[in-house]
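Given chain A's structure and the hints, the job is docking chain B onto it.
Going down the list, the protein sequences come from chains A and B.
Numbering-wise (my numbering), the first sequence opens with residue 1 and increments by one.
Numbering-wise (my numbering), the second sequence opens with residue 1 and increments by one.
Just so you know, the hints here were simulated from the structure itself, not pulled from any lab data.
We put the CB at the ideal spot given by N, CA and C, even for glycine.
Take these hints with a grain of salt, some might be off.
Stated by the list, open to error - Covered stretches of chain A (in silico footprint by chain B; criterion: 3 or more residues with CB under 8 Å from a CB of chain B, positions within the stretch not fixed): (1) 73 to 86; (2) 209 to 223; (3) 284 to 292; (4) 303 to 309; (5) 312 to 322; (6) 351 to 357; (7) 387 to 395.
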Amino acid sequence: MSAHDLAVETGRRFAEAAPLNATLHWSQDVLDREAARLSVTPDGPLTGMAIAIKDNIVTTEEPTTCASKILAGYISPFEATVISRLRSAGAMVAGKANLDEFAMGSSTENSAYGRVLHPLDHSRVPGGSSGGSAVLVAAGVVPAALGSETGGSVRQPAAFCGVVGVKPSYARVSRFGLVAFGSSLDCISVFGRTVDDAARVLAVMSGHDPRDSTTRAEPPMQLPVPRTDLRGVVVGLPREYFPADLDPGIRAGCDRAIAAMKELGATVREVSLPHTRYAVPTYYIVNPAEAAANLARFDGVRYGPRHVGSGADVRALYQATRGEGFGPEVRRRILVGTFVLSAGYADQYYVRAQAVRKLIADDFARVFADGVDLLFTPTTPTPAFKAGEKTTDPVQMYLADVFVAPASLAGVPAMSLPIGRDQGLPIGGQLIAADFDESRMLAVAGLLERTVDAVAEVRT
Amino acid sequence: MKIGEAEVRHVARLAELAVAETDLPLLATQLEGIVTFVAQLDEASVPADSTAVAVGPERLTLREDVVNPIPMRHGPEAMAPVFIDGFFVVPKLGGMAEE
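Looking at chain B on its own, in the form it has when it is part of the complex:
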């Protein structure tokens, strides 16, 4: 399928990823190449009653319902870019507040 710059811009916005306008042509070419490549799955004959593969344990093992904190060497204040009075600080929500 054809992927243009508008498609890349749209997907980048969904992914919350800044992409420079100058990078759009190359990304569109590469994404189109990848999507064309994976589209060969259309040739696979998949039975109508097929199910998705399930990996891992047949059923998840439940833990005892007790709080068992993982010992931490340091708290979030040592890792976060801005952390004040027990809170992660972010800029104003802007347009996201309405979404």
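Isolated chain A (complex conformation):
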């Protein structure tokens, strides 16, 4: 397909998918300009691939709003390093995907521009916060999309929507041009229709960036070498991720995937990550604390719409701009983050959370040092839930992250891949690897993808 035809076809698909509300900005004009650029660009590893971008990663051709009113109309004067790398590799940057405002949420119901619909059941959520990116891949608009993870925001929607979602190791991919949310957690991550699509995008994006000193000085990720069996691979099943009250469909899907891994020759053994139950409360201290600090920059002075307020001084400007500009979940996190960092409470909450986070990271280090190559778990405790089901109780929404938050806190790579369906809804299986061991994780995932029927009902 020529670059021109790809632009036309991608535009047609964006238009067709419009009712899902997964896209915030796209235009045929921008797609045509990308096609013109690609027609004079040498072929690269991503030639012919259109990629959608979560709208918290800056691009210069279209706005970057983070799905927030406070950045309405903002167009970045520079582009993110990952965007430059994708474009140099031959990819077509195809539009900006909807998300939970500032990536805060687990259902993409928190966008200031309306909720994103699950492509298979419009009454359900696609997961979040990168719900728009997941839906654009699941609906066949693009074969790959960028998301961002702070605590599962790619793996969880990937599981809900039945696509592949990969969070690399912390410090693997440059965050220059990612609007900061939780700086000790944020990772630009990728959705793919297949493991191979996601792996190819990740390989191109990864590697040290002089503009982001938090990237590690390591070469880019190597593409995984395809496997034909799992002999010699030790897979750990952490018992804390398989509680007695686990959703029966999720359990059936995992059982089937585990049986497949054994049949392929893997050694499967039970392990323990004893501090797992502290991951969500730890996350919901560290994350709001960092969010409150990062979002202090949105004050109506340098970018975005301004609200002057009644006091007519600079404090009234800050308060009115932020009060008008941020939605309910962002306001809640800023308030919680400010509270846990405030005088008299910082030791009790923030300092303690950092210490418990170390225990969670040590759990992972211990099992990987003990001969386990990969961990396998469910990605989510349930399939996609109904819209509105968890919006009144923030803590219930936070618990949707129970199986994805630990790897984010530990900084290790993890991914979700579709392993079957229960009553028509996709189920995701999660693989977690040791730091910077993405290639092995992706190779095992690639074989599982070819072995396990991702659309078959797991309970008959």
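What follows is chain B alone, placed relative to chain A:
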């Protein structure tokens, strides 16, 4: 712990965030729920000599000490709500001048 409307008002002021008086009761309930939930970390047994987790590179890589500006498509005047003669314009400092 109990979180009341006064606590929310105080934290909102620290965060420079306008919160309507009518929103205070719900926010207080929600914040109390969240803070009670995260307080279960008190049950975790943390060793006395524990250290905070460190993610990212073992040491930061230093760049050459040269100015290497990032090419910009447009300047601040295209993004700022009010930008005159090279300056971001803000209202008078008011009470902040004394703080």
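task = Tell me, in ascending order, the numbers of any earlier hints that this structure violates.
result = none
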